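Those sequence lines, one after another, are chains G, C and P. Here numbering that gives the first Met the number 0 is used: the first residue of the first sequence is 0, the next is one more, and so on. Here numbering that gives the first Met the number 0 is used: the first residue of the second sequence is 0, the next is one more, and so on. Here numbering that gives the first Met the number 0 is used: the first residue of the third sequence is 0, the next is one more, and so on.
Hints are computed from structural coordinates only; laboratory data are not their basis. A couple of the hints might just be wrong.
As the list claims (entries may be wrong) - Each computed DSSO-like pair below joins lysine-lysine, with the alpha-carbon atoms no more than 30 Å apart:
hint: 1; chain 1: G; residue 1: K16; chain 2: G; residue 2: K262
hint: 2; chain 1: C; residue 1: K75; chain 2: G; residue 2: K484
hint: 3; chain 1: G; residue 1: K484; chain 2: C; residue 2: K6
hint: 4; chain 1: G; residue 1: K357; chain 2: G; residue 2: K515
hint: 5; chain 1: P; residue 1: K60; chain 2: G; residue 2: K430
hint: 6; chain 1: C; residue 1: K6; chain 2: G; residue 2: K535
All of these numbers come straight from a predicted model, not from anything done at the bench.
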Amino acid sequence: MTLYDDLRSMADTEHEKERRYGYCLRVCTAAACVSQHSDSIKKAFDAEVKARGLDEQIQVKGVGCMGLCAAGPLVMIDPVRDNTLGPTLYEKVTVEDVPEIVDALAQKQVVERLERKMDIPFFQRQVRIVLENSGIIDPENVDDYIAADGYQAFSHALTSMSPADVVKEITASGLRGRGGGGYPTGLKWSTVAKASGDVKYVICNADEGDPGAFMDRSVLESDPHRVLEGMCIAAYAIGASKGYVYVRAEYPLAIDRLKTALKQAKRKNLLGHSILNTEFDFDIEIRLGAGAFVCGEETALMASVEGRRGQPRPRPPYPSDHGLWGKPTLVNNVESYANVATILRKGADWFAGIGTEKSKGTKVFALAGQIENTGLIEVPMGVTLREIVYDIGGGTPQGTELKAIQTGGPSGGCIPADLIDLPVDYESLVKAGSFMGSGGMIIIDNTADMVNVAKYFMDFCKSESCGKCIPCRVGTAHMYNLIDKIDRGQATHADLDLLLSLCDLVANTSLCGLGKASPNAILSTLRVFRNEYEAKLLDGHVGAQPEAK
Amino acid sequence: MSEQKTKVTVATVWLDGCSGCHMSLIDMDERLIELAQYIDVVYSPLVDRKDYPEAVDVALVEGAISSSEDLEKIKKIRAHTKILIALGDCAVAANVPSIRNIFKASDILSRGYLENVTAQPQLPNDPTIPTLLPVVRPIHEIVPVDVFVQGCPPSADTIYTVITELLAGRMPVVTELTRPGA
Amino acid sequence: MTAPTRSHIKTLKIDGKDYSGHEEETILDIARQNDLFLPTLCQIDGLSVAGACRLCLVEVKTWNNRLVPACTTHVEEGIEVLTHSERIDNYRRMILELLFSEGNHVCAVCVSNGNCELQALAQKLGMDHVRFPNLRPVRVVDMTHDRFVLDRNRCVLCARCVRVCDEIEGAHTWDITGRGIDARIISDLDTPWGSSDTCTRCGKCVNIYPVGALVEKGSAIGEMVKHHDFLEYIAEMREARE
Chain G
0 MTLYDDLRSM
10 ADTEHEKERR
20 YGYCLRVCTA
30 AACVSQHSDS
40 IKKAFDAEVK
50 ARGLDEQIQV
60 KGVGCMGLCA
70 AGPLVMIDPV
80 RDNTLGPTLY
90 EKVTVEDVPE
100 IVDALAQKQV
110 VERLERKMDI
120 PFFQRQVRIV
130 LENSGIIDPE
140 NVDDYIAADG
150 YQAFSHALTS
160 MSPADVVKEI
170 TASGLRGRGG
180 GGYPTGLKWS
190 TVAKASGDVK
200 YVICNADEGD
210 PGAFMDRSVL
220 ESDPHRVLEG
230 MCIAAYAIGA
240 SKGYVYVRAE
250 YPLAIDRLKT
260 ALKQAKRKNL
270 LGHSILNTEF
280 DFDIEIRLGA
290 GAFVCGEETA
300 LMASVEGRRG
310 QPRPRPPYPS
320 DHGLWGKPTL
330 VNNVESYANV
340 ATILRKGADW
350 FAGIGTEKSK
360 GTKVFALAGQ
370 IENTGLIEVP
380 MGVTLREIVY
390 DIGGGTPQGT
400 ELKAIQTGGP
410 SGGCIPADLI
420 DLPVDYESLV
430 KAGSFMGSGG
440 MIIIDNTADM
450 VNVAKYFMDF
460 CKSESCGKCI
470 PCRVGTAHMY
480 NLIDKIDRGQ
490 ATHADLDLLL
500 SLCDLVANTS
510 LCGLGKASPN
520 AILSTLRVFR
530 NEYEAKLLDG
540 HVGAQPEAK
Chain C
0 MSEQKTKVTV
10 ATVWLDGCSG
20 CHMSLIDMDE
30 RLIELAQYID
40 VVYSPLVDRK
50 DYPEAVDVAL
60 VEGAISSSED
70 LEKIKKIRAH
80 TKILIALGDC
90 AVAANVPSIR
100 NIFKASDILS
110 RGYLENVTAQ
120 PQLPNDPTIP
130 TLLPVVRPIH
140 EIVPVDVFVQ
150 GCPPSADTIY
160 TVITELLAGR
170 MPVVTELTRP
180 GA
Chain P
0 MTAPTRSHIK
10 TLKIDGKDYS
20 GHEEETILDI
30 ARQNDLFLPT
40 LCQIDGLSVA
50 GACRLCLVEV
60 KTWNNRLVPA
70 CTTHVEEGIE
80 VLTHSERIDN
90 YRRMILELLF
100 SEGNHVCAVC
110 VSNGNCELQA
120 LAQKLGMDHV
130 RFPNLRPVRV
140 VDMTHDRFVL
150 DRNRCVLCAR
160 CVRVCDEIEG
170 AHTWDITGRG
180 IDARIISDLD
190 TPWGSSDTCT
200 RCGKCVNIYP
210 VGALVEKGSA
220 IGEMVKHHDF
230 LEYIAEMREA
240 RE
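Extracted from the complex, chain G is given alone in its bound form (with noise of 0.2 Å):
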């Protein structure tokens, strides 16, 4: 017997206890939820169900993120061994609402006025596989990780499979990386394998920071050993030692799950010394961004893990072999971690059935802006717009007309809702004008203006620009002044010219890819709203203009 079936089957017996229950009463403590006292709804359904002494019949428990954040704080009530009710689940749930919910419950009932019905395309459409648990287990208890499968995978690999094998899998599997430029994961595993050196790192990009953007923090409050076993698995298969999550300050929450994570990780020796009895040696730090969005490109990251200024600098040499510290380097980004195990586990051609021909798997969304469902969704890659706007979201509030959708964050781009019918991944996305991103998705309807939101975006590049090369530091400062000229109603033609030289300027000659795309929410609308801009110019229209493609 190894010693994970030891941990395996300890869990199984926390688990077995689980079972007793007649119901399991599971209340959302992510940041959404959190946010609207969900911990205190918490507190009071504990307290609520040990005064009734049902403490016997109903398990309490915080899980992670449910995914409709617009509804929480939600509260879902399954079945365990009762079956006289199915699944329920409860939305805007208040402290107040806590003893209606617990007599319902005891009298085997349904609170009406709070249901959410869960036979809506939000659930049904969805595929999970990173969020497979996320809801569902305690964030904050190993052995419900390791009860639903979890570091299976990773011992699986250590035992029986070489490093070799793993990076095969991997790269048989047709991942590629989630933090939104698509490059295929298991080349970038095998490049830092061969590598040469005896130190080697690998680290954890947590520092999401696109507006609108929330996976990776729901993905490491919901389920943060899941990431953990995929970095343990890529320390293996790479030979590192040393791995760090590098995680935005701005995410207390996500960075306690994680320290207790790592702190019961190291406990049952899933992280340390001679893990799992094997000669495997791997630790993993946190490592905490003070809020620059320039430190999620991975030069500037592994400059800031460093102790230094986090800024880019030119690439090559790529982190591959000159990474942290000099050593050759692994950098992921948390959903690329979390799908690893998951592919060990259910084998790379389970995981290469699923999405389209050159997108694998799945991909989660943040969606966010005018539209109904606001949340977090998991779906397959190539699903179309539509589906995922109008069935799983719910379409916009109020049933406004659809504008477009703005994908990738301020590197991305807004797609016109004319191209509704676009199948999502990489290459389409692309083409479309934008591109995949880290899963930020905001829906934007008819009411708004369009070169005001270009402005966001650049009034954002801007502050985030580090500074380092000239047409980012200063180019995007004009680029946002220009903009501003021309949404006031102050500008010509010739500052909107000026304006596309810039932009053509900075894409093409910027130090790293955050100034190289910064350009992209002003060229990606006009493309398509060139009108919108052109109403506000002094000069208005001046005959019909070549559109640029």
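Chain G is already provided as a structure; the job is to place chains C and P on it using the hints.
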């Protein structure tokens, strides 16, 4: 003076500058006499004429746009001129006059006319005195400019080259002859 | 004996002509060796490369016409490099315009007038005016040092001072704080230069700075001539010792 009609009409204008560019112009010395065969200076601080003419071929404009008067003048000049030349760093880049841009115009006036004055401190309030613009700007930020001649001041040689190139029917490019601050 | 399988010497084309270089050398090295002009501002021999000013960008035809900084790009076999084209020259001029628009670059009243790399580049690249309105930032001038002045309004953030102080002098008095257009040079932990415990008063930063942002006190307009031959000398001495 029968050939007068074929001469190129030239205006020289002094906005917010130190007149150094005009000094350079005069520094062309004997070449002025040579140029007089081809050009007719129709408006200039050196010529006794108050109103800008209806149609001028070439205007050499020295100085930045600092006051309401500069602003009115440059618009008028542009409207009545074929080729507008920004002459010198003040015209091209607002130069020394623009150093005041980090202050508010009212603070500058107050400093100059109230704080540092002992005898009868008072702000200028005669309506004939032009008001200061909030920001000093180079000419091309107000009206389109055809030729930029940098230098503080541009040398007499540079100005001579600009004029002779124009007379030869070419748009002058003089960045090799001059530079900002030269 | 096994036959050698790879060569460290690469042949490449620059502006249509054939050149060769060692794989450790950059495109900029090869250009300089052969008297091909490439504008640079942040790069200076003897210090680490920053790749920040983007003026030495060259077009590599064999890499899909991608623009890469010559100072950080090593030579590779068979690449075809273009040092000048209408597109590159326009970009370079525009980058200079951006720099001029960023602060107080009034040459007429600068102690470095006539001895300034930015001014010389503007002339050489034919930048005859700046299309962007000056951003007019209000930046603090540090006059607290008894020998030198830091005028942040004239700073181009090339970070040569930061690098020479760290890499050559070993003092690391200088660094950069702030972000984007608000980034600025600071001494120590943003304390006055005059009260710095780390500054050795060596003046290397002053002499290596390309513009009139770091200057000697008491110099008048046009008087501040910079000397950075010390870099080559120190590099030679260090090599000799090793």
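Evaluated hints:
no., hint, verdict
1, K16(G) - K262(G), "holds, 24 Å"
2, K75(C) - K484(G), "holds, 25 Å"
3, K484(G) - K6(C), "violated, 43 Å"
4, K357(G) - K515(G), "holds, 25 Å"
5, K60(P) - K430(G), "holds, 24 Å"
6, K6(C) - K535(G), "violated, 44 Å"
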